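Participant: Sequence:
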Amino acid sequence: MSSRLRGQEQRLIYLAFHKPYRVLSCFTDPEGRPTLADYIPIKGVYAAGRLDYDSEGLMILSNDGELLHLLTHPRYQHPKTYLVQVERIPDEKDLEALRRGVVVKGRRTRPAEVELLTGPDEPQLPPRSVPIRYRLNVPTAWLRVTLREGRKRQLRHMTAAIGHPTLRLVRVAIGPIQLGDLPPGQWRELTQEELRALSAMLRWPRRQASTNEAPAVTCQDDEGNREARSHAAL
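All residue numbers for the sequence shown refer to this note's numbering, where the first residue is 25 and numbers rise by one.
Any given hint could turn out to be false.
To be verified - What follows is a list of derived Cβ distance ranges for each label pair:
hint, residue 1, residue 2, range
1, Y100, P163, 48 to 56 Å
2, P200, R112, 13 to 21 Å
3, E116, R212, 34 to 42 Å
4, H97, R212, 31 to 39 Å
5, G56, T142, 38 to 46 Å
In short, the hints are calculated from the structure, not lab data.
Note that this is a predicted model, so its numbers are computed, not measured.
We put the CB at the ideal spot given by N, CA and C, even for glycine.
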């Protein structure tokens, strides 16, 4: 925030953004890769958590530091839902393993909600900017997975642990906020109804304006550490 605005009230901004494939979840990158700044021309907003460079889907951005803290601190365990395309068709044993939790780097993941999507339930997503490389003799499947934790690249490690590597990963919901039909690279402001639902989930006494700055965010690539006060990327 500009120094002349410190201590003054600012309008609180709440955005939903559809992060495209191969875009960093921050506003600057010394290597010149695409960032949020290429899509969101609004100063002073920060991402509530992040998605990996090679993941897609819903992000929430705001200049409300309290909201960012409530959405990203691991102790709150808010649900996040993903569509995950994997190699081959998982059987019920594989799905149950994901639901119970699998061991990733010596620690068992928390229980998850997992559903195999078939037939008319398969998602109709926009084409990815770089198409998935299909292998003619290897079928693929779509899963809907809801997690309440966010370790680094967790879903990719989870599906690899049951022998079904992730091909594509799209976050479609953060709590009550849905990606819907928002196109890749586009953003919109959250509606009053969405803010009320978010407030109820977070037990968050929403205000109209604030003098609090959003927390500083450190952007790292996929091999770096997670952003300050955020869940690791998936």
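Participant: Hint by hint, say whether it matches the structure.
Facilitator: Results for each hint:
no., hint, in the structure
1, Y100 to P163: 48 to 56 Å, "violated, 37 Å"
2, P200 to R112: 13 to 21 Å, "violated, 33 Å"
3, E116 to R212: 34 to 42 Å, "holds, 38 Å"
4, H97 to R212: 31 to 39 Å, "violated, 25 Å"
5, G56 to T142: 38 to 46 Å, "holds, 41 Å"
Checked against the numbered hints given earlier, this structure breaks hints 1, 2 and 4; the rest are met.
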